[in-house]
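Residue numbers (our numbering), protein chains in the order written: chain R, 3 to 410; chain B, 3 to 410.
Do not take every clue at face value.
No copy is singled out in the list; a pair is fine if it fits within one copy or between any two copies.
As the list claims (entries may be wrong) - In silico DSSO-like links for lysine-lysine, alpha-carbon gap of 30 Å or less:
id: 1; residue 1: LYS265; residue 2: LYS36
id: 2; residue 1: LYS344; residue 2: LYS54
id: 3; residue 1: LYS341; residue 2: LYS233
id: 4; residue 1: LYS84; residue 2: LYS265
id: 5; residue 1: LYS79; residue 2: LYS147
id: 6; residue 1: LYS351; residue 2: LYS54
id: 7; residue 1: LYS79; residue 2: LYS351
Hints are computed from structural coordinates only; laboratory data are not their basis.
These are the residues of each chain, in order.
There are 2 protein chains.
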Amino acid sequence: MRQSELFTKTLRENPADEAAINARLLIRAGFIHKLQAGVYTYLPLGLRVLTKIEHIVREEMNAIGPSEMLMPALHPKEMWEKTGRWDSFDALFRLQSKEGSHYALGATHEEVLYSLLTHYIASYNDLPVKVYQIQTKFRDEPRAKSGLLRGREFRMKDLYSFHASDRERDDYYKKVTEAYQRIFERLGLTAVETQATGGTFSDRSLEFQVLSQAGEDTVALCSKCGYAANKELKEGREETCPQCGSGFTEERAIEIGNIFPLKETFARAFGLHFKDEKGKDHVVSAGCYGFGTSRAMGTIVEIHHDEKGIIWPENVAPYQVHLIEIKNQKSKIKNVGDKIYKELTGVGKEVLYDDREAVSAGEKFADADLIGIPTRVVISEATLAQNAAEVKQRNQTNATLVPLKKLR
Amino acid sequence: MRQSELFTKTLRENPADEAAINARLLIRAGFIHKLQAGVYTYLPLGLRVLTKIEHIVREEMNAIGPSEMLMPALHPKEMWEKTGRWDSFDALFRLQSKEGSHYALGATHEEVLYSLLTHYIASYNDLPVKVYQIQTKFRDEPRAKSGLLRGREFRMKDLYSFHASDRERDDYYKKVTEAYQRIFERLGLTAVETQATGGTFSDRSLEFQVLSQAGEDTVALCSKCGYAANKELKEGREETCPQCGSGFTEERAIEIGNIFPLKETFARAFGLHFKDEKGKDHVVSAGCYGFGTSRAMGTIVEIHHDEKGIIWPENVAPYQVHLIEIKNQKSKIKNVGDKIYKELTGVGKEVLYDDREAVSAGEKFADADLIGIPTRVVISEATLAQNAAEVKQRNQTNATLVPLKKLR
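This is chain R alone, in the form it adopts within the complex (with noise of 0.2 Å):
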């Protein structure tokens, strides 16, 4: 894209209502935009980025068997009321119709698929079902001061899996395990799998958590062994780690993932049963796996920065090449950055060409340090007297001189 077409400008001072780096960083380089507290536009670069997130999610769910679908986020209020968590979960946002109906603000989506799937589920021969989404849920965070780490709006991809045993449950609890490994090796983040509470949703859960200072949770870590706790889960027991007895450090996390064994609570709610060969009843044993993308986006910024600006690892970067052309006044080279630009974008790089007249070097460079593409490449009278581009990566300090027939 050329940078002269995005309408977006960076910010050279932070934005006065956000203490977050994520959301410093994000919103001066213009991905994304505050509406209010914990509620974000997407701005194209934003956009950008939060679509290859998501398309990494989506990659790795369909390589371990789910189907894709689409839940609504307007929810009967009748559905929430038999399980009890019109009243009892505390973020739900709730609306009514002018004609009189009532509606929960979709928050998580138990409630509308446990009643969709007592249409299709009744016999063994139907299990297992598996079924995610990748869609914008609605909380009533009371606290929404963390950028993209807090919304209440906010992108998470949920996975469902419905079983006729909880050791077949167990079995797949572990496959999605090893897809988020997959998921944060390829968001260029590393996660540590927390014990934890399950909420109102699980008597136990795992986390998937990274460590940061910017997180709201702590982490008992153990240094030995490499268990760990959430402290929610520690607090008033053992001070030793329980598999290796070692002592735990502590330290401030970010949940991004986690994955719950649901509560049987759930299909009773809604008598979602299943016969099992010899026609005798049977609740259906089910895992619900969250994975928030748009925390995931605001959680790469957290890890991945410097005093300049954002670094993007190179999967998620909204592009992969910042094309910079450095002219005066009376420079000619306006048509070999056209043509690299060109050549480039020819061969499948994604570039973003900094095409912008009356923008000085510096400002230039500026920007493209707050933006955080990977590869930098500049074109200047100096530079093309060479024949060549000065190529730097936005995660080294040294730049070089590459001929510019090697340059795709």
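Position chain B against the provided structure of chain R, taking the given hints into account.
Chain B in isolation, oriented as in the chain R frame:
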């Protein structure tokens, strides 16, 4: 996909609470599930169709220059008060957070976008700006009885363009019109360009109407010159065509797309001005271009079906090929079906493979007709005896025997 792994099942009977053909067929065939009036889940087959429609829309939008972004659904009340639409927009859902913030649920995005662009547009140099999104919208519709044709929660593409002059805006208007006609062609639909009123947005609009008995609009069509006007606009005016003087006929129609020049009231409400080359202030000229993607899905079914089920046009079909294996109990053809399935998917065909055991040939054929995939490929003992498969197009009556080797 193997049909044995699809958790949805077809229904022989029409759902009792749906009168619209699109809802009846889409529910019976397992494309959507009704959560409540005007609110549907897109099941795996349905999400594939919706995604294909939205991919076509995205491609045709990208071809005319705008950037894609994603705006939120939770809008601050204050923005809707600025335009007076907090009170005047009938179908607006309103809600409140626990801490007392009032929100509108995104029914359309002029308020959010105009407010956003005041941060980025100041000079004629910043224009034009063209942005779009493909996204879920919410409207408190009093009558939501037409399946996907009128939802309380529905999917829509909305494009907005901002220009330094009405003339430039009107030029872009033409480009969008052409892009819309390309979209309709790719979707297998024919749209009549219809003059209409502008509602709360505008003084006038151009609607893209697909003629159908299921439509909620009435279009007055000049049979001689092709001029068309929405009956709302014609009401109380001349009884003959303003272009050629001929008489009108009236037809029911479904409005899938529309194009509005936006009233200046929006720009004035948010102060969206720009300075020209002489430093003089002007109000931005703007256009708004909607296209209902979920409504398009419903319309395709209204237009393309017969008494047996849906007949998907190739471009939006959930799969291209429905491979059906017919066998009796002693049959050994299983491996042949699996082999053909792998071969077809191996060369990039999208295949739904009916590998279900214990389902009769008659049921499989009825399901295939209901689901409506364009090409049906049947293998049975009889066809395999001739080293062939029976191939039939959904929109034709005759089948032909095709050698297995030529199936690709």
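Okay, the hints, checked on the actual structure:
Taking the closest pair of Cα atoms, LYS265 and LYS36 come within 30 Å of each other only across two copies (26 Å); inside a single copy the shortest separation is 37 Å, beyond that limit. Within a single copy, LYS344 and LYS54 get their C-alpha atoms as close as 23 Å, and across copies as close as 29 Å, so both meet the 30 Å cut-off. Proximity of LYS341 to LYS233 under the C-alpha cut-off of 30 Å is found in neither arrangement, the shortest distances being 56 Å within a copy and 52 Å between copies. Taking the shortest alpha-carbon separations for LYS84 and LYS265, only the intra-copy value of 14 Å comes in at or below 30 Å, while the best inter-copy value is 47 Å.
In this assembly of identical chains, the alpha carbons of LYS79 and LYS147 lie at most 30 Å apart whether taken from the same copy (29 Å) or from different copies (20 Å). Taking the shortest alpha-carbon separations for LYS351 and LYS54, both the intra-copy value of 15 Å and the inter-copy value of 25 Å come in at or below 30 Å. For a Cα distance limit of 30 Å, the shortest separation of LYS79 from LYS351 qualifies neither inside one copy, at 49 Å, nor across copies, at 42 Å.
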